[in-house]
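**Student:** Full structure from sequences and hints, please.
Going down the list, the sequences are from chains G and U.
According to my numbering, the first sequence holds residues 1 to 222 in order.
According to my numbering, the second sequence holds residues 1001 to 1197 in order.
Calculated directly from the structure, the hints in this document are not laboratory data.
Some clues are possibly wrong.
Unchecked claim - Computed spacing ranges between beta-carbons, pair by pair:
#1 G:ALA190 with U:GLU1155: 28 to 38 Å
#2 U:ASP1197 with G:ASP60: 19 to 29 Å
#3 G:ALA190 with U:SER1011: 51 to 61 Å
#4 U:ASP1010 with G:GLY19: 36 to 46 Å
#5 U:PHE1063 with G:ARG65: 48 to 58 Å
#6 G:ASP60 with U:ALA1103: 30 to 40 Å
#7 G:ASP124 with U:ALA1058: 11 to 21 Å
Ideal Cβ positions, reconstructed from N, Cα and C, are used throughout, including at glycine.
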Amino acid sequence: MIAFTDVCVEKNGVAILNGITVHLRERRVGIIGRNGSGKSTFARLFNGIETPTRGTVTLDAVRERGALRRHVGFVFQNPDNQIVYPIVSEDLAFGLKNLKLSASETQARIEEVLERFDLVHLRDRFTHRLSGGEKQMIALAGVLVMRPQMIVLDEPTTLLDLWNKRKFMAAIDGLDQHVVVVSHDLELLAHFDRVLHIEDGTIVADGDAASVVAGYVASSRC
Amino acid sequence: MLSDLYVFADSPLHRARPIVKIASLVVLCSSLFIVEGWASVAVAGILVFAGFALAGLAPRHAFVSLRPAFWILAAIFAVQVYLTDVVFAGFVVARFVVLILAAALVTLTTKTSEFVDGILSALRFAPSWVPKARIALAISLCLRFIPLVRTVLGEVREAQRARGLDRNFKAVLVPLVVRILKTADEVSQAIYSRSFD
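**Tutor:** Here is the structure:
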């Protein structure tokens, strides 16, 4: 379970998040809200990319930032900004080297994740030559290969076409980990266990996907 | 293209330790300036072409490595002709060609991760205050983001062309720099989130 207790984030004197307190146990959690509502900042708190100005983020008693990022993987909207190495296999090895795993363990994990998502043919490809859908899958694989307990995805399908979006979400649906998805795409969150609606740095609605999404749609009418 | 920084093969050069290749490159390049004259350029040139052959690289790879430097080499040649004579200008350009090809031989046969490991290995005796891992990562990021910066430049130029501003240097430079800085910010977050200390 991940617990946010009275979490505030302030940047340059502007409050981005205001005293958020929420406990998340569900396997699939969605986060929705308007642009600038604070949902991406909230998502970045999960693995310590963002630090609260006040309050605490605790994952099963783990509170330290370095430990949080080992337990929580993060997939960014634009995979180009997440892929660090020019060759796919090298990029997948990056996180594992940071975890100080042995060469054999690193290789085994890379092969496993490539096979699991049918990406073996991309192993020796240049990352900048991949299609958008392939890049997003490699970005996801780069996180999964580290075997995190939870995965947070910040608008992961925004740059994908319909076919790649469905393929990507099928991969997400098949994950054993707890998954948190920030998205404007309400269709993606339709079958999620729980959805949070964030506005002006606070959670204004929290519940099952159907009711929260319906409320969000109603509040968005011009 | 600069983006094709590695050619997959299983040659003795591909298998050689990166630190050996980097050290050989340093020695070769230094020798070219210490031992002046056509003979040193010829010997170095033969060694580099032998290296290309040994690595199973095609003449296309040599051409592609030299192409980005073509206009710079032409400018150097013109300036040297103006300042000295055609023979010396040819010598200077030939020396640069050998230097570029020697460097290309290393990058075409060394994966970025091996390069980074080689640099880390070279830095292992450096004092503890030297940020070895950060230096190695910075070098790998430079290589990784050359194609990305080129893509961003292409997108910005296209967008400004649509507004009739593609010849306006500032209109291209400002959005390019802003996007690169935003990208750098997110890349640093991504690296952090993948447990890099």
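**Student:** Please go over all the hints and tell whether each is borne out by the structure.
**Tutor:** Structure-based check of all given hints:
1. At roughly 33 Å, the beta carbons of ALA190 of chain G and GLU1155 of chain U sit within the given window of 28 to 38 Å.
2. A beta carbon spacing of about 22 Å between ASP1197 of chain U and ASP60 of chain G agrees with the range 19 to 29 Å that was offered as a hint.
3. For ALA190 of chain G and SER1011 of chain U, the hinted distance range of 51 to 61 Å is satisfied, since their beta carbons lie about 53 Å from each other.
4. Distance hint for ASP1010 of chain U and GLY19 of chain G: a CB-CB separation of about 59 Å, inconsistent with the stated range 36 to 46 Å.
5. The supplied range of 48 to 58 Å is met by PHE1063 of chain U and ARG65 of chain G, whose beta-carbon atoms lie about 49 Å from each other.
6. The hint said 30 to 40 Å for the Cβ distance between ASP60 of chain G and ALA1103 of chain U, and at roughly 50 Å that hint is violated.
7. Taking the beta carbon of each, ASP124 of chain G and ALA1058 of chain U are about 18 Å apart, inside 11 to 21 Å as hinted.
Violated hints for the displayed structure, listed by number in ascending order: 4, 6.
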